[in-house]
Amino acid sequence: MSDFESLRQKARSKYEELRTGQKPVIYLGAASCGKAAGIASIGGKIKEILGELGIESKLVEVGCVGMCCYEPMIYIQKDGKAPICYGNLTTKVVPELIKDFLVDGDPRTDLALGAFDGPQTEGVPRLFDHPMLKPQVRVVLRNCGVIDPTDIDHYLANDGYVALQKVLAMTPEEVIEEVKSAGMRGRGGAGFSTGMKWEFCAKASGSPKYMICNADEGDPGAFMNRSLLEGDPHAVLEGLVIAAYAIGASKGYVYARAEYPLAIKHLNIALGQMREINLIGENILGSDFSLEVIVKEGAGAFVCGEETALMASIMGERGMPRPRPPFPATHGLWGKPTTINNVETLGTVATIIREGKDWFSHFGTEKSKGTKTFSLVGKVQRTGLIEVTLGTTLQEIIYEIGGGILDGKKAKAIQTGGPSGGCIPASQFDLNVDYESLTQAGTIMGSGGLIVMDEETCIVDIAHYFLTFTKEESCGKCTPCRIGTHRMLDILHKIKTGKAEMKDLEKLHEIAWTVKNGSLCGLGQTVPNPIYTTMKYFEDEYHEHVEDRKCRALVCKDLIRYHIDAERCIGCGICAGKCPVDAISGEKKQTHVIEESLCIKCGICFHSCPPKARAVEKIDAEVGQDG
Amino acid sequence: MSSKVREIVESHGSNPSNLIPILQDVQTNDGYLSENALAEIAGLMDVSESTIYGVATFYTQFKFVKPGEHEIRICQGTACHVRGAESLLDFFKTNLGIQPGETTKDGRFSLERVACLGCCALAPVMVIDGEVYGHLTTAKAEKILTEYKEGKR
Ligand SMILES: Cc1cc2nc3c(=O)[nH]c(=O)nc-3n(C[C@H](O)[C@H](O)[C@H](O)COP(=O)(O)O)c2cc1C
Ligand code: FES
Chain A
13 MSDFESLRQK
23 ARSKYEELRT
33 GQKPVIYLGA
43 ASCGKAAGIA
53 SIGGKIKEIL
63 GELGIESKLV
73 EVGCVGMCCY
83 EPMIYIQKDG
93 KAPICYGNLT
103 TKVVPELIKD
113 FLVDGDPRTD
123 LALGAFDGPQ
133 TEGVPRLFDH
143 PMLKPQVRVV
153 LRNCGVIDPT
163 DIDHYLANDG
173 YVALQKVLAM
183 TPEEVIEEVK
193 SAGMRGRGGA
203 GFSTGMKWEF
213 CAKASGSPKY
223 MICNADEGDP
233 GAFMNRSLLE
243 GDPHAVLEGL
253 VIAAYAIGAS
263 KGYVYARAEY
273 PLAIKHLNIA
283 LGQMREINLI
293 GENILGSDFS
303 LEVIVKEGAG
313 AFVCGEETAL
323 MASIMGERGM
333 PRPRPPFPAT
343 HGLWGKPTTI
353 NNVETLGTVA
363 TIIREGKDWF
373 SHFGTEKSKG
383 TKTFSLVGKV
393 QRTGLIEVTL
403 GTTLQEIIYE
413 IGGGILDGKK
423 AKAIQTGGPS
433 GGCIPASQFD
443 LNVDYESLTQ
453 AGTIMGSGGL
463 IVMDEETCIV
473 DIAHYFLTFT
483 KEESCGKCTP
493 CRIGTHRMLD
503 ILHKIKTGKA
513 EMKDLEKLHE
523 IAWTVKNGSL
533 CGLGQTVPNP
543 IYTTMKYFED
553 EYHEHVEDRK
563 CRALVCKDLI
573 RYHIDAERCI
583 GCGICAGKCP
593 VDAISGEKKQ
603 THVIEESLCI
613 KCGICFHSCP
623 PKARAVEKID
633 AEVGQDG
Chain B
1010 MSSKVREIVE
1020 SHGSNPSNLI
1030 PILQDVQTND
1040 GYLSENALAE
1050 IAGLMDVSES
1060 TIYGVATFYT
1070 QFKFVKPGEH
1080 EIRICQGTAC
1090 HVRGAESLLD
1100 FFKTNLGIQP
1110 GETTKDGRFS
1120 LERVACLGCC
1130 ALAPVMVIDG
1140 EVYGHLTTAK
1150 AEKILTEYKE
1160 GKR
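In order, the protein sequences belong to chains A and B.
Final position of the first sequence in the working numbering is 639; the numbers increase by one with none missing.
Final position of the second sequence in the working numbering is 1162; the numbers increase by one with none missing.
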C-alpha cells in the first residue's frame, strides 16, 4: 500500500471512530453565519454545563449546512447514532437539552430539526426530509456542515483527493475532455465551458502558467463561495490542483475577499496540511507534477472580481480591468498563460472526475448541467445556502425550499445575478433557473445570489440601490461607465424623490443603452440590467413615482410621511424620547403628534413604537395632508 | 521611522506585487495608513509615493485617518438593504452624530458602510470590532451600542 493509501486508511478509521464511538459528540455550526448568530456563547454554555454534569463529550466545529435561518445550530451524536440537529438555540434552552439528552436519554424531539444519515433515533425525522433540504441535491455542499473543515482527515475519509489521484494517472488532455464532455460551465457568472477554458490555456505557449481561484465574491447579498470555503476548503483546493494539472500550471493563487477572514483562515490551514502530505509542493504524490499555491487577500473593490482587474490586483496594482482580447488564457498574470475559475467551479471539478462525466451530466438541463448553489435571502421565510439541480423553478426555490414570503406578505420579485443581473417579477416565478432561461428573462445566473422581494420593497429604490453600488465601484477607467452611472443615478434619484418627469424615463433608457454598449468591462456592460428589468416588468411603479409622486411600497422617503394614530397612541413617550430632532411632542399618557416640518423621516419612531400600540404609521405623503 | 514598518516590508520583500499585503499588514498594525508610514513604505520599496497612494486609494479597505476606538460597520449589501439596513444606518448616524467615514469627536466610535459581510441570511447585519451581529432591529442595535458606550463590551 502506498503511503497515501495508508494515510487515507488512518483517516477513515479516525473518522469512523468519531461517528460511531460511544462517547457523545457535539458539533457546533461555526461558520461566519453561526458565529454572527452567537454560536460562541452557546458553545461556552455547553462547555460549562458538560463540566457541571461531569459528562465527557467531544466538541467539533463544523461549517454551515445552509440552514442559516435556524442558526445558532448544534448537532448532538450519542451512542454512535446519527447526529441530531437542533436549531434556533439560546443559552437558556441549551443546558436543558444537554441534560435531557445526555443524562436522561431524552433526545428532545420537540426541539430537533432532524437527524443526519446513519442509524436513526426513534421519533426524530431525517434532516434531509426537512422541507428546506428535501428538494435539494447536494453535490458541491456534500461536506458542508458535516465535516470538520480544519481537519484534512475528515476530507480524506470522505473520498477526498480520490479525484486527484485519478487525475495524476490521466493525461491533461483526458482530464480536460472529461470536464468538457460533462458539460461543466463556469459558476462565476458568464457560464463559459470550463473544459474549453482549460484547453485554451493548456494549448497556449509560454511558461510558467498560472491557475487562479476567484474567491472575490463581490455580489453584495451572496455568500455561496464563503460558505464553501469555510465549510469544505479542501474540495475547492483539490479542484484547483486538478485544474492546474490540466493546464500545466506551476503556481496557483486563491484571491479571496478581505471581508471573509474565516474563509482565509481555513484556506491557509488546509494548504498547510496539503503541503505536509505532498498534495501540493514538489512532485505531488510521486508524480512529475509540482505546484505551489498561495492565498492573496483582496482589499475591497468589487471590480477586482473581474478577471483582468483581479490579475492587476495580484500584481500589486490598481485593480483596473483591461480590454480583452488578449484573454488571460494567453496573456494573464505577468503576461503568461493563466486560467481563472470561480470557487464553486473548482469545488465541482473533483466530483466530476470522481463520479464521472455521465453521473454529473444527468443532473440539469440540456445546456445547463449539474447543480448550482444559491444564497436564498431577502423577504423569504427560510433564508440560507441551497443547492439545486439546474432547471429547478424559482417557484420551487422560493416556496418549497424557502417556505414562501416572510410574514405572509405578497411576493413582488426576485433579483438574480447581483448588480449585473435583474429583477424577475412574481408572475414569472415558473421560470427555470438555468443559464438560457435567465438570460432570456433579461437577467443572468451570476454567481448565485437570489434576493426575494415583497410588496414592501420598492422597485425604484432597488434600481437606485444597485446604481449607487455600481457608481461607487466603477473604477473610472472608461467614460461611459464612469459618467453614465452618475447620470443614471441622478435620474433615479429624481424619480425616488418625486422630482422626475416622464421624459426622464426615456433619457434613463438612452443612457443605459450607451453604458451597456460602450463600456470596457463586464461591470459597465451589465450595469443597466437592473434598470432594464425593473423598467420592463414594473413600468407602472415607475410611472406612479413620476406622475403621482407615489411610492406604493412606502419606501421612498420623500414620498411618505410618518403619522401617529391618535386612537392607538398610548402616550408612552418612547418615540418622543428617541426622536433625534425633537419633532414629536405630547404629554405622558396623552396622544403624541409629529411636527411634519421638523421630521427627517428617519423612521426611529416607527420602529420604536411598542408592538402593542403600533400607533406610528407610514403613509403616502399626500394622504390626509389637507384634512 | 518606525521599525515595525521596516519589519513588515522586509518580511514580504520589496517586489511590487507585495505592495497590497504590505499595506494590509501596516494597517493591521497601526489601524490606518498614516502619511509617515506611506512615505516610509515608498522609500523602502523604492517606488514613488504617488504610486503607493494610487494603489492604496483604489481599494476601499484602506483608511487614511485614524479610526475610532470602536469601529462600527453597517452592511449595506442587497440582502441587508431589503431588510432595513438603511434605517439601521440612519439610527447610527443620528445617534452618534456622524456620517459614514467619520469618527466621533471623542474618538470612541467610527462609522462605516460595508458592501456585504457574507452573513446575508441573518440580514440586517453589522460588525463592531470584528464581532458580527445579525437579525438586527433598531432596538437591538441601540442596546448593543449602549453596552459599548458603557464599556460593557
Ligand atoms: C464586475 C465583475 C465582477 C465579477 N466578480 C466575480 C466574482 O466575485 N467571482 C467570480 O468568480 N467571478 C466574478 N466575475 C467573473 C470573472 O471575470 C470570471 O469570469 C470568472 O471568475 C471565471 O470563472 P468561471 O469560468 O469559473 O465562472 C466578475 C466579473 C465582472 C465583470
Ligand atoms: S447583504 Fe448584508 S451580509 Fe450580505
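If you're looking for bench data, these hints aren't it; they were derived computationally from the structure.
Careful, some of the hints might be misleading.
What the hints assert, rightly or not - Only pairs whose alpha carbons sit at most 25 angstroms apart, straight line, appear in this in silico BS3-like list of lysine-lysine:
1. K569(A) / K1149(B)
2. K1152(B) / K590(A)
3. K1072(B) / K483(A)
Claimed, not checked - Interface residues of chain A toward chain B, partial, derived using beta-carbon atoms under 8 angstroms:
4. K104
5. A270
6. G416
Where is the CB? At the ideal position from N, CA and C, for every residue including glycine.
Here is what the structure says about each hint:
| no. | hint | verdict |
| --- | --- | --- |
| 1 | K569(A) / K1149(B) | holds, 23 angstroms |
| 2 | K1152(B) / K590(A) | holds, 13 angstroms |
| 3 | K1072(B) / K483(A) | holds, 20 angstroms |
| 4 | K104 | violated, 17 angstroms |
| 5 | A270 | holds, 5 angstroms |
| 6 | G416 | violated, 16 angstroms |
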